[in-house]
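Asker: Protein chains in written order, with my numbering: chain A, 783 to 1237; chain B, 783 to 1237.
Each hint should be verified, as a subset may be incorrect.
If chains are identical, the list can't say which one is meant, so a pair holds when it fits in one copy or spans any two.
Said to hold, decoys possible - BS3-like cross-link-like pairs, simulated, lysine-lysine; straight-line CA separation at most 30 Å: (1) K1053 <-> K1152; (2) K1208 <-> K1055; (3) K1055 <-> K1152; (4) K1151 <-> K945; (5) K1178 <-> K1055; (6) K1208 <-> K945; (7) K802 <-> K935; (8) K935 <-> K1151; (9) K945 <-> K935.
Keep in mind that the hints were calculated from the coordinates and are not lab data.
As the structure is a computational prediction, the values presented were derived from the model and not from experiment.
2 protein chains.
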Amino acid sequence: MLEAVLSRVRPSPLERDRLKSVARKIVSRIEELADARGVEGEPMLVGSAARGTWLSGDHDLDIFIGVSEGSNLSSALEIARRVAPNFEERYAEHAYVHAIFEGFEVDLVPCYLVEDGSKILSAVDRTPFHSRYVSARIRGREDEALLLKQFMKGTGVYGSELKVGGFSGYLAELLVIRRGSFISVLEEAAHWRPGEVIDLEDHSSREHEDPLVVVDPVDPGRNVAAALTLDRMFTFVAASRLFLEEPKLDFFFPAPVSPLSDDELRDQIAKRKSTLILLEFEAPDQVEDVIFPQLRKAEQSIRALLDRNGFSVMRSDVDWHRNLPLGGGERGGSEWRGLLRIFLELSVASLPRVERRIGPPVWEAEHSKKFAASHPYPLSGPYVEDGRLVVETTRKFVDAPELLRSQVANLSVGRHLGPQLRRGYKIYVGQEILEVEDLEFRAFLARYFSAREWV
Amino acid sequence: MLEAVLSRVRPSPLERDRLKSVARKIVSRIEELADARGVEGEPMLVGSAARGTWLSGDHDLDIFIGVSEGSNLSSALEIARRVAPNFEERYAEHAYVHAIFEGFEVDLVPCYLVEDGSKILSAVDRTPFHSRYVSARIRGREDEALLLKQFMKGTGVYGSELKVGGFSGYLAELLVIRRGSFISVLEEAAHWRPGEVIDLEDHSSREHEDPLVVVDPVDPGRNVAAALTLDRMFTFVAASRLFLEEPKLDFFFPAPVSPLSDDELRDQIAKRKSTLILLEFEAPDQVEDVIFPQLRKAEQSIRALLDRNGFSVMRSDVDWHRNLPLGGGERGGSEWRGLLRIFLELSVASLPRVERRIGPPVWEAEHSKKFAASHPYPLSGPYVEDGRLVVETTRKFVDAPELLRSQVANLSVGRHLGPQLRRGYKIYVGQEILEVEDLEFRAFLARYFSAREWV
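Sequences and hints are given; from them, build the entire structure.
Answerer: Encoded structure:
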């Protein structure tokens, strides 16, 4: 079965040759440009393309342009701008170039040539060390890395970007180097506990609070798994156990999710009899790693608002309907920013008018006095329960959608989302959600309702 | 103002004379009967009547009939049976006689004449020691004791029976002996904390877990306040503070509660918009101290049943509608047993069909496996949340009244209440509660909705 997986994810000789030839062309072009301009600029192919561990069809190339410490990155950036006619500048810690080159998505990243992975000037300076470390050790085990990456992809835990909070490619490769095989990584993961520490070079130089700690072999103070969330980690653990018990191709290639039809959506609403609420507003002009943390923060603020007002949120999730033209690359005008969606499932839509407020213990005389004074006209009470003062007052919001409409614009939801939310939003409740017809959202709903994270 | 209180609660000279003369008659009658039968039997007037601390109108007399250790209580009981023509036998630890004598309710209690309050054979043997201890020390402060008792009565914390869980008369008297005055007791109480210890004789011989510990001056191992609940204790504390701040006659003589009219009840239901449920069933043929703990236990079982099924109970209370003929004394046939009522207020009457079930942490491999296996066809999931397995299943009971109707007869509700509940019950929901028209219940509802435990 693993052979069947490999036959789908292992790049063909043709694909390998094409990638190598494109990479070689770009490297030569960089060398020529540097020579012609008389500036420093050492091209380095890094990432999975460099070490033969890319999944077939991932036509991404990471090519770094190194300059010595003490010199300036701007000359390297200037070179990057001239590699391909079709490019845009992007920003992480520093500017870099994203270009389309013969059908490949190429990141051209200026970096410093430092002497040691722990003495970097910028986060990207570490990458060439990662690439050298892995290349020297993964030889002969590329297939094992491909299996692990595809397994992580299929179970939804692959990718260290904030949206996913899963395993990076480098992390997957380190796990394979450490254990020797895909199956052996799964066998180890089956016994992981929170706070697991893996230190290949046995050189850790500090404590980490993260659920999984994989000490960077090229930087003893860094945790390679810092972006991995507890839940992604243990989704992988659960999937590993299930796969070892009963291996299935579905773990690698889950059936694609069909967007819900109107009837299926109606059926779900009827079956669950919960209160479903969708909040929708326009996305700001920002990249994913900026938007997602703010979107999650907005989700948490709304949950907290509902909780504070007595509405218990059963589950919630967020979605960014991007509407980007296929192939990506060029960013469109604001009409392409897309929509942000926060989807909430509540136990009940409305609560009684009466609300209990639990005060301080009676033996805290001053607090009790203040509490009683702050509720001069309760519906009931004050009375003593479990030694505390209790009053029953009139609840301000008895209806969850009404509460949202009244308060959502005042919430703290992050720097870029706040203004968007104050500019306008829509709220759909229950059956009204049927009005939202785009397939991306209907697929999101299908995933939400199934909520099966592994086979 | 305290004078105004005393003028209402201090027995008049006429009342005192009558009580003394009735007590003297009974004492003589016991002496005569003992002499005539040639048996031992030492009459002792005990309780508040003996020490001049009874509240005007409380026509209760406690007369004990003592026999030496080693002899038998039955001769004393035989005497008790002959004191008054109109009597019934009751049972606490031992049999005693409750009689009506010239309009007084008289308890005639056989006891052993032991040498020391800590070396008793039966709980009642301690009482003569209590009476002697208080009599020797309360002289001149009877009014203070009357004020404290009436204050406790007015604020609902007087009475050590299980139904109330408040302060006994003896406990109130000890507090007055310790502090010297009514006001001074309130000043002390205003600073009480849970676990407060008062030890007049400084002779405590063991630790107690109770919220208030008043070591019995005649028995160093006993807590006089053992029956006092945390909530009654701190209702008294809160009332004490409020009274000291702003003394009002209402603390002693609260306005009587008017039973709710239909309109008032409708108004409360509309104002609160909560789900009110009344469970009603026939009381067994038992005394209050047997029924009340079981009724409270039934209330707790029902709350736990609702909680387990996701229905949050805001508040609940119990009531025993006794239907006893006024004046009490004779117990009627079963038609006089009356009704037990458990009244519940819920946030919501119905819940969504979908129900979240939180499983074990994923790193507990065996538990996780069992959990997943026990939910083979969930509506959603399993997924990982906060490191735990979660599934969403179909809730069995989405309607609280339906849940009660289906499960209430299976609950563990105590030895005497269980059979009654299985014999039959009625459940009233929301507006249906209007069908219950007896004034005792409507007054109970008035108290429930107001829930003000002090002025």
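Asker: Take the hints in turn and mark each one as holding or not.
Answerer: Outcome of the hint check:
With identical chains, the CA atoms of K1053 and K1152 are at most 30 Å apart between copies only, with a shortest distance of 26 Å across copies and 47 Å within one. For a Cα distance limit of 30 Å, the shortest separation of K1208 from K1055 qualifies both inside one copy, at 22 Å, and across copies, at 29 Å. For the identical chains of this complex, K1055 and K1152 are inter-copy neighbours only, at 28 Å across copies versus 41 Å inside a copy, given an alpha-carbon limit of 30 Å. For the identical chains of this complex, K1151 and K945 are inter-copy neighbours only, at 28 Å across copies versus 48 Å inside a copy, given an alpha-carbon limit of 30 Å.
Both within a single protomer and between protomers do K1178 and K1055 lie at most 30 Å apart by alpha-carbon distance, with minima of 25 Å and 13 Å respectively. For the homomeric pair K1208 and K945, the shortest alpha-carbon distance inside one copy (23 Å) is at most 30 Å, but the shortest distance between copies (55 Å) is not. For a Cα distance limit of 30 Å, the shortest separation of K802 from K935 inside one copy, 24 Å, qualifies, whereas the shortest one across copies, 94 Å, does not. With identical chains, the CA atoms of K935 and K1151 are at most 30 Å apart between copies only, with a shortest distance of 23 Å across copies and 58 Å within one.
For the homomeric pair K945 and K935, the shortest alpha-carbon distance inside one copy (14 Å) is at most 30 Å, but the shortest distance between copies (64 Å) is not.
Hint compliance for this structure: no hint is broken.
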